[in-house]
Amino acid sequence: MTPFVRLLVYLVAAPLLGGLLAGLDRKISGRMQARMGPPLWQPFYDVWKLWRKENIVVRRSQNYYVFFFLLFVIFTGALFFAGFDLLLMVFALTLAGIFFVLAAYKASSPYSFIGAERELIQMMAYEPMVLLTAVGMYMAGGSFYVHDLASRSSSLIWPLPGVFLGFLFVLVIKFRKSPFDLSCSHHAHQELVRGITTEFSGSALAMIEVAHWYENVLLLGWVYLFFSAWPVLGVAAALAVFLLMILVDNTCARLKWQTTLKSAWIVTLVLGFGNLLVLSFL
Amino acid sequence: MSEAQTYLPLSPDALVAKVRELHAEGYRLVQIGATTLGETIELNYSFDRAGTLLNLRLQLPAAAAHVPSISSVYWCAFLYENEIHDLFRVHVEGIAVDYQGKFYQTTVPFPFGTRAQTAAAPAAGN
Amino acid sequence: MAYFRMTQMALKWAISKPATNPYPFAPRVIIPGSRGLLTFNKDTCVYCSVCRKKCPTGAIGVNRHQKKWAIDRLRCISCGYCVEACPKDSLALSTSHGSPAVTKDREIYQGEMPAPKAPAAAPAPVPAG
Amino acid sequence: MARTVIPFGPQHPVLPEPIMLDLVVEDEKVVEAIPKIGFVHRGLEKLVEKKDFHEFVFVAERVCGICSFIHGQTYCQAVEQIMGVAVPPRAHYLRTIWGELSRLHSHLLWLGLLADGFGFESLFMHSWRVREKVLNIIEATTGGRVIFGTCKVGGVRRDIDTAAMQSLLAQLAVIEKDMREIVDVFLEDNSVKRRLCGVGVLAKDDAYQLGCVGPMARASGLTQDMRQLGYAAFGELTFQPITRPEGDSFARCAVRCGELFQSVDLIRQAAARLPTGEIEVKVTGNPNGEFAARTEQPRGEVVYYVKANGTKNLQRFRVRTPTFANIPALVKLLPGCDLADVPILVLTIDPCISCTER
Numbered sequence: 017m018t019p020f021v022r023l024l025v026y027l028v029a030a031p032l033l034g035g036l037l038a039g040l041d042r043k044i045s046g047r048m049q050a051r052m053g054p055p056l057w058q059p060f061y062d063v064w065k066l067w068r069k070e071n072i073v074v075r076r077s078q079n080y081y082v083f084f085f086l087l088f089v090i091f092t093g094a095l096f097f098a099g100f101d102l103l104l105m106v107f108a109l110t111l112a113g114i115f116f117v118l119a120a121y122k123a124s125s126p127y128s129f130i131g132a133e134r135e136l137i138q139m140m141a142y143e144p145m146v147l148l149t150a151v152g153m154y155m156a157g158g159s160f161y162v163h164d165l166a167s168r169s170s171s172l173i174w175p176l177p178g179v180f181l182g183f184l185f186v187l188v189i190k191f192r193k194s195p196f197d198l199s200c201s202h203h204a205h206q207e208l209v210r211g212i213t214t215e216f217s218g219s220a221l222a223m224i225e226v227a228h229w230y231e232n233v234l235l236l237g238w239v240y241l242f243f244s245a246w247p248v249l250g251v252a253a254a255l256a257v258f259l260l261m262i263l264v265d266n267t268c269a270r271l272k273w274q275t276t277l278k279s280a281w282i283v284t285l286v287l288g289f290g291n292l293l294v295l296s297f298l
Numbered sequence: 025m026s027e028a029q030t031y032l033p034l035s036p037d038a039l040v041a042k043v044r045e046l047h048a049e050g051y052r053l054v055q056i057g058a059t060t061l062g063e064t065i066e067l068n069y070s071f072d073r074a075g076t077l078l079n080l081r082l083q084l085p086a087a088a089a090h091v092p093s094i095s096s097v098y099w100c101a102f103l104y105e106n107e108i109h110d111l112f113r114v115h116v117e118g119i120a121v122d123y124q125g126k127f128y129q130t131t132v133p134f135p136f137g138t139r140a141q142t143a144a145a146p147a148a149g150n
Numbered sequence: 763m764a765y766f767r768m769t770q771m772a773l774k775w776a777i778s779k780p781a782t783n784p785y786p787f788a789p790r791v792i793i794p795g796s797r798g799l800l801t802f803n804k805d806t807c808v809y810c811s812v813c814r815k816k817c818p819t820g821a822i823g824v825n826r827h828q829k830k831w832a833i834d835r836l837r838c839i840s841c842g843y844c845v846e847a848c849p850k851d852s853l854a855l856s857t858s859h860g861s862p863a864v865t866k867d868r869e870i871y872q873g874e875m876p877a878p879k880a881p882a883a884a885p886a887p888v889p890a891g
Numbered sequence: 004m005a006r007t008v009i010p011f012g013p014q015h016p017v018l019p020e021p022i023m024l025d026l027v028v029e030d031e032k033v034v035e036a037i038p039k040i041g042f043v044h045r046g047l048e049k050l051v052e053k054k055d056f057h058e059f060v061f062v063a064e065r066v067c068g069i070c071s072f073i074h075g076q077t078y079c080q081a082v083e084q085i086m087g088v089a090v091p092p093r094a095h096y097l098r099t100i101w102g103e104l105s106r107l108h109s110h111l112l113w114l115g116l117l118a119d120g121f122g123f124e125s126l127f128m129h130s131w132r133v134r135e136k137v138l139n140i141i142e143a144t145t146g147g148r149v150i151f152g153t154c155k156v157g158g159v160r161r162d163i164d165t166a167a168m169q170s171l172l173a174q175l176a177v178i179e180k181d182m183r184e185i186v187d188v189f190l191e192d193n194s195v196k197r198r199l200c201g202v203g204v205l206a207k208d209d210a211y212q213l214g215c216v217g218p219m220a221r222a223s224g225l226t227q228d229m230r231q232l233g234y235a236a237f238g239e240l241t242f243q244p245i246t247r248p249e250g251d252s253f254a255r256c257a258v259r260c261g262e263l264f265q266s267v268d269l270i271r272q273a274a275a276r277l278p279t280g281e282i283e284v285k286v287t288g289n290p291n292g293e294f295a296a297r298t299e300q301p302r303g304e305v306v307y308y309v310k311a312n313g314t315k316n317l318q319r320f321r322v323r324t325p326t327f328a329n330i331p332a333l334v335k336l337l338p339g340c341d342l343a344d345v346p347i348l349v350l351t352i353d354p355c356i357s358c359t360e361r
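Chains as they are written, first to last, in this note's numbering: chain E, 17 to 298; chain W, 25 to 150; chain G, 763 to 891; chain D, 4 to 361.
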């Protein structure tokens, strides 16, 4: 596949796949909680319904920020699947996150305000590890370009086991799963109502939802990159990681931001940094 | 089941001193309740020690029901005192946390008071 | 290990049958002894008004002369006081909960009148008043 | 530092009922908390002037939707005491069994809400799954699920026959096993402990001074359980109040977990000693006198003050519910905690606002 075709496939297939994964998540979570769970297509029904709903905003501008959030998430994914620079991708994703935070700040409600603060703390928690992952891939694979990394004959998991585990840890934060669903959990049952997304409704909320689908596919694509020498194993690993996230979500209480920050940095330091240190001496 | 329950009649002036005495003896405040009996309002201060109930009983004229607050002795009394103010129009002086009649948001002001009290209250109420 | 107790439970339930019922599609398991909908038998009723007097919520209305018995379903709390009081056993509590009451109507039952008037169709919801 | 006021309630996803807390926060530290209640004041106490004292049991039961049976029971006890009615022993035992079943379902409900408060959805669902089984027992024996409607002045309205009692005990064994699984998670899971241990510590003296009741007081080391007064059949059953010395949220959770098994044990004891005979006596005449009945609700001590003057309507009916007595402690605990701890602290007093306001 040429990069251009891959890009097109990503743009069309990622929301479908992401939505399906979200549906699978809800179904499996439901079963783990001894419930039936909603139909597999429920996330699509939800987004469709949100899209047609009345748009109520506190400030008109908040929805533009949400639009840019969606745009930059798609842009990040496009960079990744077209085989571009990993570093640029990391910062584009951060920028997308910042737009999301700005949107929440703009709504000026105490819930979304504190949700946005927590989102920033979460970004501080996961960002070092995400960067280390990119650096580690460069050290082991000799390039920042996804295209080069994906076409290597040996998998990146062998030199980077610690980085991989550290990456899994921050994935829990990125996927907004318990124990680290501080800023916004998947359902409105926390002290901040729904945290960062409290003040969004209608099509803006639908955009946030779709952005998460794109983001999830991108992150799972990154998991795949660790196993790129064996494509089948890579897809299986990405799916396994996703199931693991669901299991973790259903077996943990939500922790506080202090614990999140501390544990994420310890993991980054021990697993991520330790791995790179060993790699540089070898 | 029949437990002994004592009722001690008291005057409002002697209340705080007696309550302080009970506090020193290790009593726990169980409740403060009011009852409208015609044109008098009866207040019951219930205390408990090791499972026996002791009640202090005050009789106040409904038209001018004033009572000192015991929240300086038992801080937790502030809720009960706000309650008897909002429902019975008993004026409690010096509550630790005074809600100024905004504790219960009732449509009818002082709903549990005597009929004269309810009628005399401003219609908009609290 | 203590940490994995929840994991065990989650995995166990992930592969076993859910504990919930798909309620509106599958009927609820009926528990015998449940106090549900109050049913009225107009053939045995003598319209003595004992149920009306006993009802703690005032949900029942009885008109002895017109032989009418009425119930406000939204007021009925299925306590069964009327069932215990009824001298003719015309009232009973079924285990089902009946259809949801969506209007504030009273269900009116018209008993057989001795006069040659045609009996009204029962049950016929008539606006409350 | 910038201060934000977070309106916590009266409608808020973690709150089961309408209490409002104005939380003044600096960053995520709560510096002040002002409670407001009065959103669901129904004036039930005033209703005694309209309903006669037999009918009023149904109103008393509706004071609370969760601990409803014990409310009805306490009311009946107060009236029976005033009228000098000797309730048959079998009725006493049946009341005990139903009271403990209601404690089981209330505590399981609370455990679920607590799990939800610290963001543990699947534990929440599992707690309520087990609660459902308790509700099924209750439905089979009384006909209602949360409003039992079986208590009356002078006894009870339904009997549990031998076959039903056997099936009750069999189901109870299953429930006990399920509860053991869930309680193990609450008491031993790492992430749960991290959220509960050391949060909202209430010293023993403070708990006594603030008038705490129920599990809140027992978690701070106070041996205070109204069942020790020996009402209903409790005088003839053996049990020890469950206490914990720590006084934090974990202790309050652990006390309630312990009480689940205590209730199962009490039901078994009561079932084994269930006397035969009548379940009610005929009550004639009207009450004249006053009495303050006290029982142990799942949430703590409830006080029913009943004053009657010889007519069919009571003169005064006053309820002091356990939540009312525990709110001062909540107000004391909140300042200084993290915003993330607020749901836990609010839930550990097990707030039941509709019964607090009657």
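Incorrect hints may appear among the rest.
Derived BS3-like pairs: lysine-lysine, alpha-carbon spacing no greater than 25 Å straight-line [stated by the list, open to error]:
no., chain 1, residue 1, chain 2, residue 2
1, D, K335, E, K122
2, D, K285, D, K32
3, D, K335, G, K815
4, D, K32, G, K815
5, D, K155, G, K816
6, D, K32, D, K335
7, D, K136, D, K180
8, D, K196, G, K816
9, D, K54, W, K126
10, E, K122, E, K69
11, G, K850, G, K866
Beta-carbon label-pair distances, calculated as ranges [stated by the list, open to error]:
no., chain 1, residue 1, chain 2, residue 2, range
12, D, K315, W, R73, 49 to 59 Å
13, G, V791, E, L104, 35 to 45 Å
14, D, N312, G, T819, 36 to 46 Å
15, W, P33, G, S861, 56 to 66 Å
16, W, Q124, D, A176, 33 to 43 Å
17, D, N312, E, S217, 41 to 51 Å
18, D, A176, G, Y785, 26 to 36 Å
Beyond 10 Å from chain E on every Cβ pair, some chain G residues (computed) [stated by the list, open to error]:
no., residue
19, M768
20, T769
21, L773
22, P780
23, E846
24, K850
25, H859
Keep in mind that the hints were calculated from the coordinates and are not lab data. For clarity, every value in this text was computed on a predicted model and none was experimentally measured. Where a beta carbon is used, it is the ideal one built from N, C-alpha and C, also for glycine.
Outcome of the hint check:
no. : hint                         : result
1   : D:K335 to E:K122             : violated, 34 Å
2   : D:K285 to D:K32              : violated, 59 Å
3   : D:K335 to G:K815             : violated, 49 Å
4   : D:K32 to G:K815              : violated, 58 Å
5   : D:K155 to G:K816             : holds, 14 Å
6   : D:K32 to D:K335              : holds, 15 Å
7   : D:K136 to D:K180             : holds, 12 Å
8   : D:K196 to G:K816             : violated, 53 Å
9   : D:K54 to W:K126              : violated, 29 Å
10  : E:K122 to E:K69              : holds, 21 Å
11  : G:K850 to G:K866             : violated, 28 Å
12  : D:K315 to W:R73: 49 to 59 Å  : violated, 36 Å
13  : G:V791 to E:L104: 35 to 45 Å : violated, 59 Å
14  : D:N312 to G:T819: 36 to 46 Å : violated, 25 Å
15  : W:P33 to G:S861: 56 to 66 Å  : holds, 58 Å
16  : W:Q124 to D:A176: 33 to 43 Å : violated, 55 Å
17  : D:N312 to E:S217: 41 to 51 Å : violated, 57 Å
18  : D:A176 to G:Y785: 26 to 36 Å : holds, 27 Å
19  : M768                         : violated, 4 Å
20  : T769                         : violated, 5 Å
21  : L773                         : violated, 7 Å
22  : P780                         : violated, 5 Å
23  : E846                         : holds, 39 Å
24  : K850                         : holds, 46 Å
25  : H859                         : holds, 22 Å
The structure fails hints 1, 2, 3, 4, 8, 9, 11, 12, 13, 14, 16, 17, 19, 20, 21, 22 (numbered hints given earlier, in ascending order).
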